[in-house]
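Listed in order, the protein sequences are those of chains A and B.
Just so we're aligned, residue 1 is where the first sequence starts under this note's numbering, counting upward by one.
Just so we're aligned, residue 1 is where the second sequence starts under this note's numbering, counting upward by one.
If you are wondering where the hints come from, they were derived from the structure by calculation, not from laboratory data.
Note that CB positions come from ideal geometry on N, CA and C, so glycine has one too.
Take these hints with a grain of salt, some might be off.
Below, simulated DSS-like cross-link-like pairs (lysine-lysine); rule was C-alpha separation at most 25 Å, straight line [to be verified]:
#1 A/Lys159 x A/Lys129
#2 A/Lys117 x B/Lys66
#3 B/Lys66 x A/Lys4
#4 A/Lys4 x B/Lys69
Derived coverage of chain B by chain A (criterion: at least 3 residues anywhere in the stretch with Cβ under 8 Å from a Cβ of chain A; other residues may be distant) [what the hints assert, rightly or not]:
#5 15-21
#6 36-50
#7 84-98
#8 101-108
#9 114-121
#10 125-139
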Amino acid sequence: MATKDIIDTLAGIEPGSALDTIRARRLQARDNAQQSYLSLFEPIDASDFSLVERAAVALFVLGLHREPTVAAFYRAKLAAIADGARLVEAIEFEIVRGETSGPYGAFPAGPLSVENKAGLIYRVSAERKADLGGRLVAAFEHAHLLVFRPRDAAAADMKALLAAGWSNTGIVTFSQLVAFLSFQVRVVTGLRVLGASLGRTANAAVGA
Amino acid sequence: MSAASNVNSPVVFTQDELGWVSWIDPLPEAELTERHFAGLVDRSRSKSEYFRLLVRDPEVLEARTKTDKDIFYNVADGLPRAERELAAAATSRHNGCIYCASVHARFASTYSKRRDDVQRLLDEGVGADLGERWNAVVKASVALAATPIAFGPDNVDELRRAGLDDAEIVDVINGASFFNWANRLMLSLGEPSK
Chain A
1 MATKDIIDTL AGIEPGSALD TIRARRLQAR DNAQQSYLSL FEPIDASDFS
51 LVERAAVALF VLGLHREPTV AAFYRAKLAA IADGARLVEA IEFEIVRGET
101 SGPYGAFPAG PLSVENKAGL IYRVSAERKA DLGGRLVAAF EHAHLLVFRP
151 RDAAAADMKA LLAAGWSNTG IVTFSQLVAF LSFQVRVVTG LRVLGASLGR
201 TANAAVGA
Chain B
1 MSAASNVNSP VVFTQDELGW VSWIDPLPEA ELTERHFAGL VDRSRSKSEY
51 FRLLVRDPEV LEARTKTDKD IFYNVADGLP RAERELAAAA TSRHNGCIYC
101 ASVHARFAST YSKRRDDVQR LLDEGVGADL GERWNAVVKA SVALAATPIA
151 FGPDNVDELR RAGLDDAEIV DVINGASFFN WANRLMLSLG EPSK
């Protein structure tokens, strides 16, 4: 039995439950999923990617996934940071504008081109650009690409981030953050679905 | 920064060994400190451009690497390695990561001895008929890769009917979810080369 980590909290896994016991068999993965979260949101060095930027990108990414429990967690995180609360409204506005379904995008030209799937190329609205600032505008546009159409990524996207003031190291941490959240929200959702099915099985057994 | 035209990029999914070229600057090997080597976990990874790029944030790389290794290499119990690799390959095929798919398709072939079936996943895509058990793993991986996430009770039922127990289903969830992390890094920070 272990103390609850973020994934347990978000997936509703209680200490001593069946899923807690299963997660304990992959203790290194469990501990390091938590450590990944801590390294991204409580870093020892935030000079290339500020804490408020991290929480802002997280809320945007989770909002796009339409997972309310997880999004609420990151919304609270952003709102708790000085200078973060003022961004929430603009981000919620942009989430609605960015909502779509993925993955889509283009493959390298060739036999796979028949599988190309067109979709929204998201750009931050003109009226929210001033609220977010140039770095977050570039970050949100790239985060939307990472969430929904990662196969569209090109060298030019790195240039756009660099031009908006992101350093090489900042780009690495920002990319890790979006990619990690894509992992975390899937583990949470997957475990929640599995946990609900265990409930169904247990209830059925009681009924029988 | 490398220009796309300098790289001989693959245009199909393959089990061949591919290279990977970064679009932004990896750390030079000569600049790596003990903090970076801790982040690399395996010292030999300092030879890889990809890991020398990610090691710009050593703490995140270290935690990610240890998460990865336990999900895929800890086979004391749970889902056979071949099917964890299948989940990784199917996720990569669906998201469109030719590099990740090449590595994990090779692993799936090695551990399953079903190279032709793995190749059909790459050639035909995630709709290829690979038999009940593999189909269930691929379908669950595809549902998890969707945004918004499409994984639901039907996926769990299908995996159970295919013979997976709850711990094995957790391995599918972890393996497929992890590749939604890996694919996004590999696809967006550089490109594969032949």
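Against the structure, the hints come out as follows:
no., hint, verdict
1, A/Lys159 x A/Lys129, "holds, 19 Å"
2, A/Lys117 x B/Lys66, "violated, 34 Å"
3, B/Lys66 x A/Lys4, "holds, 19 Å"
4, A/Lys4 x B/Lys69, "holds, 22 Å"
5, 15-21, "violated (count 0)"
6, 36-50, "violated (count 0)"
7, 84-98, "holds (count 5)"
8, 101-108, "violated (count 0)"
9, 114-121, "violated (count 0)"
10, 125-139, "violated (count 1)"
Violated hints, in rising order: 2, 5, 6, 8, 9 and 10; the structure is consistent with all others.
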